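There are 2 protein chains.
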Amino acid sequence: MIGRLNHVAIAVPDLEAAMAQYRDALGADVGAPQDEPDHGVTVVFIELPNTKIELLYPLGEGSPIQGFLDKNPSGGIHHVCYEVEDILAARDHLRDQGARVLGTGEPKIGAHGKPVLFLHPKDFNGCLVELEQV
Amino acid sequence: MIGRLNHVAIAVPDLEAAMAQYRDALGADVGAPQDEPDHGVTVVFIELPNTKIELLYPLGEGSPIQGFLDKNPSGGIHHVCYEVEDILAARDHLRDQGARVLGTGEPKIGAHGKPVLFLHPKDFNGCLVELEQV
Chain X
1 MIGRLNHVAI AVPDLEAAMA QYRDALGADV GAPQDEPDHG VTVVFIELPN
51 TKIELLYPLG EGSPIQGFLD KNPSGGIHHV CYEVEDILAA RDHLRDQGAR
101 VLGTGEPKIG AHGKPVLFLH PKDFNGCLVE LEQV
Chain P
1 MIGRLNHVAI AVPDLEAAMA QYRDALGADV GAPQDEPDHG VTVVFIELPN
51 TKIELLYPLG EGSPIQGFLD KNPSGGIHHV CYEVEDILAA RDHLRDQGAR
101 VLGTGEPKIG AHGKPVLFLH PKDFNGCLVE LEQV
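Going line by line, the protein sequences match chains X and P. All the letters of the first sequence, read from the start, carry residue numbers 1 to 134 under the UniProt record's numbering. All the letters of the second sequence, read from the start, carry residue numbers 1 to 134 under the UniProt record's numbering.
Chain X with its partners taken away, still in its complex shape:
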């Protein structure tokens, strides 16, 4: 069912410093910050030859990643995103298998403009999983 790894998301406490680490120390192709007010985050995409790293930084009040940064002040890997062809079929199959879908269970439009859902980390080894329909 799952296809490509679309991205790995890393929550960071200092966006400029994180961009500099990836650009200067790791020599990666680091994009420009994009504010995503609907998601409460500023994102920076790092393009690797086969996938992307997504740096996440809180934007505005009540950002969904603020709690994660409060618990992990240095930052950390926040989630992985797998691609699926049909997000509703994937959701229904996952529920049949006993996995919990976060929120209402209706896909939202994610940072890439495509439908996304998140799965409960307790059902996936403490790892927050995003599914994105491509």
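These aren't lab readings, by the way, just hints derived from the structure by calculation. Predicted model, so just to flag it, every value in this text is computed and none were measured. Treat the hints loosely; a few may be bogus.
Identical copies carry no separate label here, and so any pair may be met within one copy or between two of them.
Unchecked claim - Using 20 Å as the maximum straight-line C-alpha spacing, the simulated SDA-like pairs for lysine to any residue come out as follows:
1. K122 x N72
2. K108 x P64
3. K122 x A20
4. K122 x G27
Using the hints, position chain P against chain X.
Then chain P, alone, in the frame of chain X:
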């Protein structure tokens, strides 16, 4: 400098359960467990079209992931691995940029039989980074 994302490693407290989640709930191509006594882990590779997920489970006494699982009993994302062409050149460049290389700084032979190094998570947003020469 960094090339492909070679894998994302997820430490899991129950290897059979984790394999079943990825095989049955996520419909992925899950390999057979491989014991890596030199590394103190049993690994399972999940092949995605563009990269791999590596499930990590402690093997023997003093496994390097036991401390992580003690702190994260449900499991969690343990590290990301980026490919490099020349691991010694990468190490020297990273040190010049102020990043700390774990251990002696001499590459070890990793689970894929290739030279690897780990970078200090505090220098990379709380994210443990493995470099693998390919």
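Evaluation of the provided hints:
In this assembly of identical chains, the alpha carbons of K122 and N72 lie at most 20 Å apart whether taken from the same copy (18 Å) or from different copies (11 Å). In this assembly of identical chains, K108 and P64 lie within 20 Å of each other by CA distance solely inside one copy; the values are 14 Å within and 38 Å between copies. Taking the shortest Cα distances, K122 and A20 sit within 20 Å of each other only across copies (14 Å), while inside one copy they are farther apart (33 Å). Taking the closest pair of Cα atoms, K122 and G27 come within 20 Å of each other only across two copies (18 Å); inside a single copy the shortest separation is 35 Å, beyond that limit.
When each numbered hint is compared with the structure, no violation occurs for any of them.
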